[in-house]
Every structure is written in structure tokens, then in C-alpha cells.
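Student: What follows is the residue order along each chain.
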Amino acid sequence: MSQTKSSKPSAVQTTGHAWDGDIQEFNNPLPSWWLWAFYATVVFAVVYWVFYPAWPIASSYTKGVMNDITFLDSNGNRKTTHWNTRSALLRDLQEGKTAVLSRDYLDKVAAASYMEILGDPEMMAFTRSMAKGIFGDNCAPCHGSGGAGVIGLFPNLADDDWLWGGSVEDIQATLENGHLGFMPAFGEVFDDAQLDDIASYVLSLSGHAVDAAASERGKAIFQTNEGGCYYCHTHEATGLKSQGAANLTDQIWTIADVNGAADLEGKKERVKQVIANGVQRRMPAWSDRLSAAQIKLLTVYVHELGGGQ
Amino acid sequence: MADTGNDALYQARIKIYPRSVKGRFRNFKWAVLGLAYGVYFLLPWLRWERNTGPDQAVLFDIAARKFYLFDLVAHAQDLLWLVGVLLIAALLLFFVTGIAGRVFCGYFCFQTLWTDLYLLIERLVQGDRVARIRLDKSPWNANKLLRKAGTHLLWLAVAFWTGLTFTLYWDNAPDLVVKWFTGSAPFAAYATTLFLTATTYVMAGLAREQVCTYMCPYARFQSAMFDEDTRIVAYDTSRGEGRQGRHKITRELKSREQRREQGVGDCIDCGFCVQVCPTGIDIRNGLQVQCISCALCIDACDTIMDSLGWERGLIRYTSEAQAEGKKSSLLKPKTIGYGLALLLAISALVWSVSSQAPLDVAVVQVRQPLFVRLSDGHIQNSYELHLENKTDQPIDLAIMMHGLAGARLDAGKFSALTLAPQHSLRVLVRVRWRSNHNEQGSRSFFLDVIPQKRQDLGMISAPATFYLPGSAR
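So the protein lines, in turn, are chains A and B.
Number 364 in the working numbering belongs to position 192 of the first sequence; there are no gaps in the numbering.
Number 413 in the working numbering belongs to position 378 of the second sequence; there are no gaps in the numbering.
Hints should not be assumed to be uniformly reliable.
For lysine-lysine, the following DSBU-like pairs were computed, each having C-alpha atoms within a straight-line distance of at most 35 Å [to be verified]:
id, chain 1, residue 1, chain 2, residue 2
1, A, K304, B, K448
2, B, K488, B, K101
3, B, K172, B, K283
4, A, K269, A, K304
5, A, K304, B, K101
6, B, K172, A, K413
7, A, K251, A, K235
8, B, K50, B, K172
9, B, K448, B, K488
10, A, K280, B, K448
11, B, K101, A, K269
12, A, K280, B, K101
13, B, K214, A, K251
14, B, K172, B, K57
15, A, K280, B, K214
16, A, K269, B, K214
17, B, K214, A, K235
Computed far set for chain A versus chain B, every beta-carbon distance over 12 Å [stated by the list, open to error]:
id, residue
18, D194
19, A226
20, N247
21, R250
22, W255
23, D332
24, A365
25, Q445
To give an idea of the chain B side of the interface with chain A (calculated C-beta under 8 Å), a few residues [to be verified]:
id, residue
26, V401
27, P404
28, V407
29, R408
30, S410
31, G412
32, R443
33, G447
34, F449
35, S450
36, R461
37, L463
Derived from the structure by calculation, the hints contain no laboratory data.
All C-beta atoms in this analysis are idealised placements derived from N, C-alpha and C, irrespective of residue type, glycine included.
Could you build the full structure based on these sequences and the hints that come with them?
Tutor: Here you go:
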């Protein structure tokens, strides 16, 4: 085994230099393993210069001899370049194992009809997983990561009420072309008592116990040309899909937070606000931003979020 | 600093030239080595017939998160089995160490096995101990260069094959070997192989006993499990030393009778036991932390005793208590405790493996949003069902629910829900319910996954929670 070396101070050699007569310098050389590791890094660096981009030269740099990264640039042209991480990442995103795998599956889903996708558990699982990312990137800023929307601003996509139609065709058209949601402001047209009457009638449509006389007066405004509400909301108050008009007979409120109000007065006040101020909402068109396949995935995803028709 | 020069913390290694020895322990060690290497090097090449999956008997498929062990397929959720295996390995080490000392170190540790193989290569190329010492001292010439280079090349070859074999456990072996040498294997395969090549070469070829003495934690904590009844390799001091100590054989001290009269022990101080020691210690100095209980010194001493015609056992397996003439008992609370814990861990693992669910169901609540109000006043909750088929046959499934009166289940528009063999799937289901009493908070219910046309699989009821709009509203 090992034994302790008896190294006395005097055993340490000096470099032989002497200053001012008696100042000497001990000679303690670096450990050899350290020295060899250092030489190895020097050799590594020289090899590296040959293969990889290394030395700056004025406005350029040495590119290295590995001219082996081939990828498609943003214009779709095949480019071969020296080694660099940006191009290597692009290549992996285009030709990597998982990229090829998901592209193949995407092609399969893109070629299938909506009924085929909805009827196939495997394709649905793929669609939901891939569309979740697209939804998160593009839709979630307004509609929320789970599609629950924001009352008064952005519609809830996870419920079964659809302003512009909830079939896959309707959803696809909405995604492609976008929508302008508009309801005129009646605050200048009607006085407060009239607004109160209309709000009472609107609440009565969804089964709220309101003052019957007020509701009757409100109905007269709603269903005639005095208010003209029925133009868009229809006589049955179920809403005209082509106008994106809300169904006033159900339990879902996308602008006035009726379900969030404590009592009937509060509910009425919230409905009145909407009638007085009107609604202006805009959903952008996505056909020039997303590919047809991406829109298809999103259509199925949104359809399945809560209750597509 | 000049004044601390006396207390050097660093000890330069003194190179050890272990001498070869023949004997029963050496034979046993060769047998263990042959068996271990046979399993390790050949197992990746063993083919295995499966209905679904690769045809390799043992394959750890990281990408697919499936671990094939003959007829058993371990999935990611079965990771707890690994805990079980590690626990059993640890308890087995404690148990065996408590009874028989450092058996693992001496016979089974891969450091010992690979060092043995490297020593064998060294001996075949450079000769035994004396020849190697002479070669090291001789000036560099063609012969020395050839022998030294040959040794290191053979070591590297063994190291490389060791590293490559390890890599083969993680992919289809015949394919991977071809890919490895044609430059199309994954980077991880090259990195793993070269890293293990380097560590094998350095540990078994260059570092050797320093790994056991300085690096290995097991060597240290095994000492904590020793007691006076633990089997250890020990030198019989009273027999070997006598009253006057050991002595070489001389004309006056030739027969045992002569030695007894002179008060000299049976040890003839030939040094064979020191020369064969792979860690370079002298067993006659008593129990030492460097001793890996490889028992080669027993073989060495037995050889000498046989040649002298004296009985064996001057160096032998014994215990401290036995060596002092006391009775040694193996049935002690500590060993019984280790043994019971070991049995418990083994039974738990066997039970867990044998009761692996053929169909795995997990319910994950969609929490964003937690619930949605529908147009007819119903509340809707969504759930993602994680289904995994662990059998090698497809399973047709139906999804139902119970425990929430009047609720409706929407499991999508699938014409058929079939789980492919060894395959997993995520299915979104929705539950719609309206409480008649305007209840708030949450309700528990069960989602039922019912295998169709399979008598061997029962229904799985997974607990789930239905959330209603909270009391804040």
C-alpha cells in the first residue's frame, strides 16, 4: 500500500534564482495530471477550430470544414450550411424523428373528414394533444387556456352555447374568416324606465320571476319596431346565428354576468348596462395566419372543448 | 508551505503486482466471473418471442417507456418495482455482510471481476509478478513496448466491449451494433459506450484497489455492519506466531516439532499471502479496511501448508469470536431482522409484479375550466381518461358511470374504443348533471371502464369528483 513520504521542508527544491542576495523561490511544479489535462484542452481547441466556426475575421469568421447542415429556409429553399446551432435546430424541427412522426400523423388527420376524426380515438387523442399547443399560442390570450373565456369580453368556448353556430363547419368558418359581433347602444334611444322594462322582459325569457307588468311593457318594445330587438334576437329570442346574436332564453350569459349577480335587481342592472351600451366584439380571421391543417385541428379541438353540435 | 511539509495529505500510490495463485477460492471466483460475464455479455443477444413488442429478451426501451424482461413488461407506472429491486439489493447486502462479511466485495463486485480479468490479461501478456516487476524496471525496448502496448490494447478492447454491451440493453442489439459501426447510431449510444469504455479502462486497469480503498462507499459502511461473529478472512495469530513469532524455514527450524520446541509458530514468513493480495495488504496484521475478503491469501497459505504437509487453515474464514476461542452464533437479532426485512421486501415485490393490472385506468380532471354552465342549466365537468393496455391482446372498451343520479355521460362520438396491445390512449369524457336542490361544492362518483368480450378482465371503477359552482356565487 501507500506510505507517507517523509518530505522535510528542506526537501523542496528551489528554482535557483536569487534576488537581493537571499530571496529564493521554491520550485513547486504543477501536478502532472493537471498539466496533461491542460495540454489535452489545447489539442481539443485546435481540433475544434478545424471543424467548427471559431475565429473572427473582420466582418466574417472561420466556418469550419463541417458543411453538413441541410435544412429548408423560410422561403422553402433547401440550404446547406456550416455547423451552427440555429440551423441544427431548424433541421431537427424539420427532419428530426419526432418531427417526421408528428408530420406523418398530421397528414393523416388533414386527409380525414371531421366525422372520421371524431369517430377515431387515436386521431382524437393526437388532435387534442397537438391542437392544445396551437390553441395556447393563438386563442388562449383571449379565450383562456381552457377556452372558458371572460364574461363581458370573450365568449366561453367550453359550453354548449354558440353565437355563430357550433357545428364543425360553423366553427371552421368562424376560425377562417373571423367575426364582428355588434349590438347597437340603446342608451340614447330609451329612458331608464324603458331600459328597465326591456331588461325585465329579457330576464323573464330565461325563467326569472320578474314584475309581470314591466315585462309586458318590455315585450312590446322588444317584439315591435320600437326597439327592433327581434331583428337579430328573433321573436323567439333564440338569436339569429348569421348575426351572432345571443340566445336570450338559455342560462348562458356572455356579456352581462347575470349568473354572477346576487339578486334580481343586480341581474337587471347588468342586463340594462348591455342594452344601454351595446356590444362591439371582434374575432380576427385566422386563414392567413394558420394552415388549413392547423385550422382543422383547432376546429375539432374547440368542437370537443365542451359541446359541439 | 514549507512548515507543513511533514504532514503531507497525499500519498503516492505504490504499484501492486499481485501474484497468481491456484486454489478452491480462486476456482470459485473464476466460476462466478464466468457466470456473471456469460449473463452480462450474452443477455442482450438472447431473442424472445412476443405477440407485441421487440424480440429481445431484455430490452429497456426508454423512448416507449417500456422495459422488457423476458415475459414481463414493466411500464412507467411500475417504476416502484425498481425501488423494490434496489431495496432488496441493499437488504441482501446488509444480510450477507452481517453473516459473512464482505462477500459481495470479494466475489461479486464488478470492480473485483473486471480487475481480475485485467490482471489475467496482464499476466498472459507480461508474465506473472516477478516478470512484471522486472519488465517495469527494464529500460524501454521493443519487447517492453510490445508487451505494454499489447496489454493496454487488450484492456481497451475489453473496456470497449463492456461499454458497448451495456448500450445494447437499451436498443435492439443486432441493429444497434451495425448502426454503431456504420456511424448511424444515436449520439447517446456513442456517449454511453465511450464513457463506459473510459471508466472500465481507468477503474479496472489503472485505479484498481484505490477504487475500493478510497472511492467506494460500500467498503466503508459495510464495516459498520461487522460484529465479532461476522465471518472474516483472518490469520490464526496464535498458531502462526507461537511464543517467539514467525520465522522462515531454516535448518534448525524445519519440522513442526523443532519449531514448537523453539516456540516458533507455523508461519514460515514466505510472503505468498502478501504477494497474491490484490489490495496489497498483509493479512497477518489483522482485519483491515482495505481487505475485500477475496480469500486469495487463504488459497496461497493453503498451497504452502499442503506443500509442507501441515494442516490447512493458518489463514481461514473465521470470526473474531471464534479466533478468540468463543462460540460464534449466526442467529442474532440483527441478522434475523435483516433476513425478515429481506423476505418482506421480496414478497412485496413478487406480489406487486404478479398482481400487475392488465388494464390501467387513471382519471384526470380537466381543471381549466373546472366546470361549465350549459344552456339548459346543467353543469358540465370534463375528465381525461388515461387508459393503458398492458396485455398483448387488443381490448374493446365501453365507458359508463355510476354514483351520480340523473347525470349524463358523453364519451365522444367513437364508433368503437379499442386499445391496441401494449398501448395507451387518452380519452376526453364529459359529465352533465343538474342538482335538484341547488347544491354547491362537489360530489364523488365513479367512471366505469368496462372491457368487452374479455372474460379475464373485470370492470374498473375509477373514482372521480364532480364540481358545482362554488358558494361564492
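Student: Confirm or reject each hint.
Tutor: Cross-check of the supplied hints:
no., hint, verdict
1, A:K304 with B:K448, "holds, 19 Å"
2, B:K488 with B:K101, "holds, 26 Å"
3, B:K172 with B:K283, "holds, 28 Å"
4, A:K269 with A:K304, "holds, 21 Å"
5, A:K304 with B:K101, "holds, 26 Å"
6, B:K172 with A:K413, "violated, 98 Å"
7, A:K251 with A:K235, "holds, 15 Å"
8, B:K50 with B:K172, "holds, 12 Å"
9, B:K448 with B:K488, "holds, 21 Å"
10, A:K280 with B:K448, "holds, 19 Å"
11, B:K101 with A:K269, "holds, 19 Å"
12, A:K280 with B:K101, "holds, 26 Å"
13, B:K214 with A:K251, "holds, 27 Å"
14, B:K172 with B:K57, "holds, 27 Å"
15, A:K280 with B:K214, "holds, 30 Å"
16, A:K269 with B:K214, "holds, 16 Å"
17, B:K214 with A:K235, "holds, 29 Å"
18, D194, "holds, 15 Å"
19, A226, "holds, 22 Å"
20, N247, "holds, 30 Å"
21, R250, "holds, 21 Å"
22, W255, "holds, 14 Å"
23, D332, "violated, 5 Å"
24, A365, "holds, 30 Å"
25, Q445, "holds, 19 Å"
26, V401, "holds, 7 Å"
27, P404, "holds, 4 Å"
28, V407, "holds, 5 Å"
29, R408, "holds, 6 Å"
30, S410, "holds, 3 Å"
31, G412, "holds, 4 Å"
32, R443, "violated, 11 Å"
33, G447, "holds, 7 Å"
34, F449, "holds, 5 Å"
35, S450, "holds, 5 Å"
36, R461, "holds, 5 Å"
37, L463, "holds, 6 Å"
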